[in-house]
Every structure is written in C-alpha cells, then in structure tokens.
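Asks: Those sequence lines, one after another, are chains A and B. Under the numbering used here, the first residue of the first sequence carries the number 1, and numbering increases by one thereafter. Under the numbering used here, the first residue of the second sequence carries the number 1, and numbering increases by one thereafter.
Don't read these hints as lab results, they were simulated from the structure. Bear in mind the structure is a predicted one, so any value in this text is a computation, not a measurement. Where a beta carbon is used, it is the ideal one built from N, C-alpha and C, also for glycine. Any given hint could be a false lead.
Stated by the list, open to error - Derived lysine-lysine pairs resembling DSSO-like cross-links, with alpha carbons at most 30 Å apart:
no. : chain 1 : residue 1 : chain 2 : residue 2
1   : A       : Lys214    : A       : Lys193
2   : B       : Lys214    : A       : Lys256
3   : B       : Lys256    : B       : Lys201
4   : B       : Lys31     : A       : Lys155
5   : A       : Lys214    : B       : Lys79
6   : A       : Lys34     : A       : Lys65
7   : B       : Lys155    : B       : Lys31
8   : B       : Lys53     : A       : Lys214
9   : A       : Lys245    : A       : Lys256
10  : A       : Lys245    : A       : Lys197
11  : A       : Lys79     : B       : Lys260
12  : A       : Lys245    : A       : Lys193
13  : B       : Lys260    : A       : Lys81
14  : B       : Lys34     : A       : Lys214
15  : A       : Lys155    : A       : Lys65
16  : A       : Lys270    : B       : Lys65
17  : B       : Lys245    : A       : Lys245
18  : A       : Lys201    : A       : Lys245
19  : A       : Lys270    : A       : Lys260
20  : B       : Lys155    : A       : Lys34
21  : A       : Lys245    : B       : Lys155
22  : B       : Lys31     : A       : Lys53
23  : A       : Lys65     : A       : Lys79
24  : B       : Lys214    : A       : Lys34
25  : B       : Lys155    : B       : Lys214
26  : A       : Lys155    : A       : Lys270
27  : B       : Lys155    : B       : Lys79
28  : A       : Lys53     : B       : Lys34
29  : B       : Lys155    : A       : Lys197
30  : A       : Lys155    : A       : Lys81
31  : A       : Lys79     : B       : Lys214
32  : B       : Lys34     : B       : Lys155
33  : A       : Lys155    : B       : Lys53
34  : B       : Lys193    : A       : Lys256
35  : A       : Lys245    : B       : Lys214
As the list claims (entries may be wrong) - Where chain B lies over chain A, by a calculated footprint (3+ residues, C-beta under 8 Å):
no. : segment
36  : 7-19
37  : 22-33
38  : 127-133
39  : 150-159
40  : 232-244
There are 2 protein chains.
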Amino acid sequence: MPKAETELFFIGMGLSGLNSCTLETLDILEKMDKVFVEQYTNFIPEEIPPLLKHIRPEISILTRKDLENNDQLFLENIKGKSSAILIPGDPFVATTHNSLRLAAIQRGFTCRIVHNASIISAAASVSGLSSYRFGRTVTCPFPHNASEFPYEIIKLNKQIGAHTLVLLDIELSTGEFLTVNEAISILLELEEKRKEKIFTKPDLVVGLAQIGTKNEAISAGAAEEVMTLAWRKIGPPQALIACAKSLHFTEEETLKTLWKVRLSNQRVDK
Amino acid sequence: MPKAETELFFIGMGLSGLNSCTLETLDILEKMDKVFVEQYTNFIPEEIPPLLKHIRPEISILTRKDLENNDQLFLENIKGKSSAILIPGDPFVATTHNSLRLAAIQRGFTCRIVHNASIISAAASVSGLSSYRFGRTVTCPFPHNASEFPYEIIKLNKQIGAHTLVLLDIELSTGEFLTVNEAISILLELEEKRKEKIFTKPDLVVGLAQIGTKNEAISAGAAEEVMTLAWRKIGPPQALIACAKSLHFTEEETLKTLWKVRLSNQRVDK
Chain A
1 MPKAETELFF
11 IGMGLSGLNS
21 CTLETLDILE
31 KMDKVFVEQY
41 TNFIPEEIPP
51 LLKHIRPEIS
61 ILTRKDLENN
71 DQLFLENIKG
81 KSSAILIPGD
91 PFVATTHNSL
101 RLAAIQRGFT
111 CRIVHNASII
121 SAAASVSGLS
131 SYRFGRTVTC
141 PFPHNASEFP
151 YEIIKLNKQI
161 GAHTLVLLDI
171 ELSTGEFLTV
181 NEAISILLEL
191 EEKRKEKIFT
201 KPDLVVGLAQ
211 IGTKNEAISA
221 GAAEEVMTLA
231 WRKIGPPQAL
241 IACAKSLHFT
251 EEETLKTLWK
261 VRLSNQRVDK
Chain B
1 MPKAETELFF
11 IGMGLSGLNS
21 CTLETLDILE
31 KMDKVFVEQY
41 TNFIPEEIPP
51 LLKHIRPEIS
61 ILTRKDLENN
71 DQLFLENIKG
81 KSSAILIPGD
91 PFVATTHNSL
101 RLAAIQRGFT
111 CRIVHNASII
121 SAAASVSGLS
131 SYRFGRTVTC
141 PFPHNASEFP
151 YEIIKLNKQI
161 GAHTLVLLDI
171 ELSTGEFLTV
181 NEAISILLEL
191 EEKRKEKIFT
201 KPDLVVGLAQ
211 IGTKNEAISA
221 GAAEEVMTLA
231 WRKIGPPQAL
241 IACAKSLHFT
251 EEETLKTLWK
261 VRLSNQRVDK
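Just chain A, same shape as in the assembly (with noise of 0.2 Å):
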C-alpha cells in the first residue's frame, strides 16, 4: 500500500556543497524513500560527507533534463513516497525549482522546506556592507547574451542610496563562467554607451568568487583596480557589488579594516 500522502521536501545545501546541510537534514533523510541532488544550477564537490553518507550511501543526481519539460514524470515517480530534493543554495531564491513546487502541489503533494545560506545574504555578511543597504539583485549575463538590464538596476538601487548584488553567469554543462573582471568591463562599456555615471571606473565595487567555500575570494575597491586580479584563477561561482554611492559610516570602517580599501570617490554618511 503506498503512503496516503506525498511529501516532497526542499532541502537547501547552502554554499559549499553536502557539507553545508544542516543537521535537520540527516533527520528527515533517514525518513526518506527516495533522495535526489540537483546538479544543475551550481558547481557541488562530488564527495558525500561520512556523516550523510551512513545515512544515504546512495544519493540520485538530477540533471536539468530530468526536471525542466519533465517535472510530471518526476513527479509521478515519486507520488505516495516520501522524497526529498537536495538544492544549491537556499532552495526557492533561483527561481528554477519553483515551477517543481508549484507542480506538486496542484497535485496534492506536501511540500516542505529546509532554508540555508543563498548567495544573496551571504555576499552582504562577508562583505562588511550593511544588508540593510541592498536593493534589487540582478543576474549579468554572459556577453553574447549582452543586456543592458545589469546597469539599468544599479541605476534604480543608486537612486535609493542602495547597493546592488550583481550575480555572474555560469554555464554548468560546459564550465563555462563569468569573472569579475568581464562583469566589470561589461559595466564600463555600458557606461561608455549610455554615460549616465551609473558606473565608472573609480567606483567602489567588491569583487566575490566561491562565497562559502575553502577557496574563497574577496577584493574590494575602485572597479578599475579589482578588474586587474586574476579572478579566473579562482574560479566559480563569482559576483560583484556596486556599493552605493554613500557609505554608513560603520561600512567605511568594515571596509576599511577588512579589505583595506582607500576611499577617494566615495560619499559617507554619519
């Protein structure tokens, strides 16, 4: 007799892989019938932690095909069981799976979640700028899918004194990734093109690849300067901020304790 309810769960993995599960999550693993990984919307290291794997030594990898135009044979397989989904990152702020959720629940299914770290917080705590302060994210996308959608939100932020997170493109079949340095120079042109003094090249930026991970990098200042650090070396995930025009006075000191940036074109607020 299968189960009279489905449920399906949402698990986020947070920013460096199975490591990053919380213990919660061994809990209602060891409940489940069936686990999956998606493994198509960021890079995950491949090993399952000790701890994980007594639990699940067998863990099924969702490719995007599995998912995307195919949801409602995913779902079919799994109705009356108990499944869960482990995600990237916390598990509805890439709109990717939301379609998975809204799916199953027209079909009745229970979901639940498991929140963890996404880049869209993280990036302010490491940062030393106020999360407070952001405005609206935005994804800035490789060049041959050049849009002007990147400089026009760090218009908007700009004009209500808010920073702006600007998440780089990456390309998962093919490895493919977009630097700091190229979504700076993609600014400038934009720049160059529409000189509205949206972003130039004294403005501060904080340049960010593999938040969360043992590899991570941080360097902040003009954008001019962080787009001299070899920044594909370190490789992906990356992205940049493009702080405000004014600092809260606690940022200039973060900043300048943590990074130790010189502020020459940069507004402070007491």
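Starting from the structure of chain A, add chain B where the hints point.
Replies: Relative to chain A, chain B alone:
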C-alpha cells in the same frame, strides 16, 4: 605555550537554533578550544542536538553584557586559542557582531565565517516572491520608539518596483515582540499621517512568523485581511513583506497557488 595564532570562527546557526547548524560546523567545533553560543539577538531553543552534544557537551552562553562594552575583555580571554561563536541566522547580517569582528582583526586574530540561512533570503524564498525583486530591508521598531523610517523605505523601494522586507522588533530581555498585526497598524497610521498611498488597506502584504521552524506561519493578502489573524499566538520573530505595486506573472501564479491570494489591487507584468 599558547598557540601562535588566534582563530575566531563566527558560525551561523540558521533559523532553527543549533539544529540548523551545518555538518562542517561539527568538524570545526571538534577542533576548538572554546565554543560560545550567542543568545541575545534571537530566541534559540535550549536543547543541544545529540550529534553536537557528543562533540561539545558544554557550550558557554554569551549575553549582551559579555560583549557590548566588554569585547576587549572577551577577546583578551580567548587570545592564543581557537574559539567559535555560534550566532543565530547568518553571522553578519545583523550588524551586532561586526564590531567584534573588527576588534578581533585589529588584534591580529584570524576571523573565519560559516554562513547559514538568514531571514533576509529565507523570507523571499518561502513567500514565493522573487528574491531578485526585493529592495532595501528595514526594521520596524516598537511603538514607543516610533519612526517613519519603515514607511520611507517602503516608499523608496516602490519607486524602483521592489518589495520590502520589514523585520519586526524583538526585545529578548523581556520576551516582547512586535506582531504582524501591530506592524500593519503602525504602517497604516503612518499612511494616515503622510497620505502618500505607500501602504494602504488593500495593498498586498505577506505576513511571516517563525520562518524556518516547525511553527512557521505565513499568510498573504490585503493588509486589512492579514492583520485580522491571531499573530500574537504564533510567537516571535515575525516579519512583513510589503509588496511592490506590480508582480511578475510567475509571482502572481505562485502567490495564488501557495496562499490562495485574490489579487484585486495589484498590477501584473508579463
């Protein structure tokens, strides 16, 4: 002989106390000379999960008094050792611990961060609204500290088409907390005073309580509907999302599916 290097880990506990610590946290705590848990920026269940208790039968509690004004004494006492402080949410999303980080760095300590879920990203994720469309976050203070700042931030965010996450104040020493109903009342009173149509009774809001815990409660709808629910019974911490004037069509679909919202006052972008 004390160790040459002083290490201080700031470890996020996520949203449900020690149970939402990450697996890598266990490996770190095993190697520490001293482990502290910070119990003054949020409510934490007192129980230590078995896996953690096995490694660390005793964890010292840090009160506000131990750190604020006494951070130099605290740092002196952990000099030459490896220590970790467990902190609710993500370590530096709230600004409280940043000054300790700076003081530690100024003493030459090596500071490390372990990220975890924060209400900043979890609120968007659980609500079904797009994380990318959130603007600046703001805290709504108790009525005795009344301020127009939350109204002002909602106004700024609406100008750029962004949702606003409004965190509701808590006072741990007394157990006091602001509820979703009270926050809506405060904002409607500010509307009454300012009359700028920034926060009105039919406007779409999402009320959130105890997100990431077993008692999690969420309700979305017109402000005047959401404020009729018995939020005080659910307990702290609580938060409110004041939605942008228009929703993306995927946000509309998600809100209808998840929370049965009828959208009468909201534009939808295709």
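Asks: Run every hint past the structure and note whether it holds.
Replies: A quick look at each hint next to the structure:
Proposed proximity of Lys214(A) and Lys193(A) is contradicted: the alpha carbons are some 38 Å apart, above 30 Å. The hinted pair formed by Lys214(B) and Lys256(A) fails the criterion: a straight-line CA distance of about 41 Å is larger than 30 Å. Between Lys256(B) and Lys201(B) the alpha-carbon distance is near 19 Å, which keeps this suggested pair within the 30 Å criterion. Note on Lys31(B) and Lys155(A): the hinted pairing is violated, with a Cα-Cα distance of about 46 Å set against a maximum of 30 Å.
For the hint linking Lys214(A) to Lys79(B), the alpha-carbon distance of about 24 Å falls within 30 Å, and the restraint holds. As the CA atoms of Lys34(A) and Lys65(A) are separated by approximately 19 Å, the hinted pair is consistent with the 30 Å bound. With a C-alpha separation of about 48 Å, the suggested pairing of Lys155(B) with Lys31(B) is violated against the 30 Å cut-off. For a cut-off of 30 Å, the pair hint linking Lys53(B) to Lys214(A) stands: about 26 Å separates their Cα positions.
With a C-alpha separation of about 16 Å, the suggested pairing of Lys245(A) with Lys256(A) holds against the 30 Å cut-off. Among the hinted pairs, Lys245(A) with Lys197(A) is consistent with the structure: their alpha-carbon atoms are about 11 Å apart, no more than 30 Å. Straight-line distance between C-alpha atoms of Lys79(A) and Lys260(B) comes to about 23 Å, which keeps the hinted pair within the 30 Å bound. The suggested pairing of Lys245(A) with Lys193(A) holds, with an alpha-carbon distance near 21 Å, which does not exceed 30 Å.
For the proposed pair Lys260(B) and Lys81(A), the alpha carbon gap of about 26 Å is at most 30 Å, so the pair holds. Our distance criterion of 30 Å between C-alpha atoms is met by Lys34(B) and Lys214(A), whose separation comes to about 22 Å. A distance of roughly 36 Å separates the Cα atoms of Lys155(A) and Lys65(A); the hinted pair therefore is violated under the 30 Å criterion. Proximity of Lys270(A) to Lys65(B) is assessed by CA-CA distance (about 26 Å); at most 30 Å being required, the pair is judged to hold.
Restraint check for Lys245(B) and Lys245(A): the C-alpha separation of about 26 Å stays at or below 30 Å, so the hint holds. Pair hint Lys201(A) plus Lys245(A) holds up; C-alpha atoms about 13 Å apart against a cutoff of 30 Å. As the CA atoms of Lys270(A) and Lys260(A) are separated by approximately 20 Å, the hinted pair is consistent with the 30 Å bound. Proximity of Lys155(B) to Lys34(A) is assessed by CA-CA distance (about 46 Å); at most 30 Å being required, the pair is judged violated.
For the proposed pair Lys245(A) and Lys155(B), the alpha carbon gap of about 19 Å is at most 30 Å, so the pair holds. With a C-alpha separation of about 22 Å, the suggested pairing of Lys31(B) with Lys53(A) holds against the 30 Å cut-off. For a cut-off of 30 Å, the pair hint linking Lys65(A) to Lys79(A) stands: about 19 Å separates their Cα positions. For the hint pairing Lys214(B) with Lys34(A), the CA-to-CA distance comes to about 22 Å; that is within 30 Å, so the pair holds.
Taking the CA atoms of Lys155(B) and Lys214(B), the gap is near 33 Å; set against the 30 Å cutoff, the hint is violated. Taken as a hint, the Lys155(A) and Lys270(A) pair is honoured in the structure, with Cα atoms around 23 Å apart against an allowance of 30 Å. In summary, the hint linking Lys155(B) to Lys79(B) is not supported, as the alpha carbons are separated by about 47 Å, beyond the 30 Å threshold. Between Lys53(A) and Lys34(B) the CA atoms are separated by roughly 29 Å; this keeps the pair inside 30 Å, and the hint holds.
Of the supplied pair hints, the one linking Lys155(B) and Lys197(A) holds, its CA atoms being roughly 24 Å apart against a limit of 30 Å. Restraint check for Lys155(A) and Lys81(A): not satisfied, since their Cα atoms lie roughly 48 Å apart, outside the 30 Å limit. Proximity of Lys79(A) to Lys214(B) is assessed by CA-CA distance (about 24 Å); at most 30 Å being required, the pair is judged to hold. Between Lys34(B) and Lys155(B), the direct Cα distance comes to roughly 46 Å. Violation of the 30 Å bound is thereby established for this hinted pair.
Of the pairs offered as hints, the one joining Lys155(A) and Lys53(B) is violated, with about 49 Å between alpha carbons and a cut-off of 30 Å exceeded. Under the criterion of a C-alpha separation no larger than 30 Å, the hint pairing Lys193(B) with Lys256(A) is inconsistent with the structure, at around 41 Å. Only pairs whose Cα atoms come within 30 Å are accepted, and Lys245(A) paired with Lys214(B) is rejected, the gap being roughly 41 Å. Given as covered by chain B, the segment 7-19 of chain A passes the check, having 6 residues with a CB less than 8 Å from a CB of that chain where 3 are the minimum.
For the segment 22-33 of chain A, the stated coverage by chain B is satisfied: 4 residues place a CB nearer than 8 Å to a CB of that chain, which reaches the threshold of 3. Counting residues of the segment 127-133 of chain A whose beta-carbon sits less than 8 Å from any beta-carbon of chain B gives 5, enough to reach three: the coverage restraint holds. A stretch counts as covered by a chain when three or more of its residues have a beta carbon under 8 Å from one of that chain; for the segment 150-159 of chain A and chain B the count is 3, and the coverage holds. Counting residues of the segment 232-244 of chain A whose CB lies closer than 8 Å to any CB of chain B gives 0, so the stated coverage by that chain is violated, three being the minimum.
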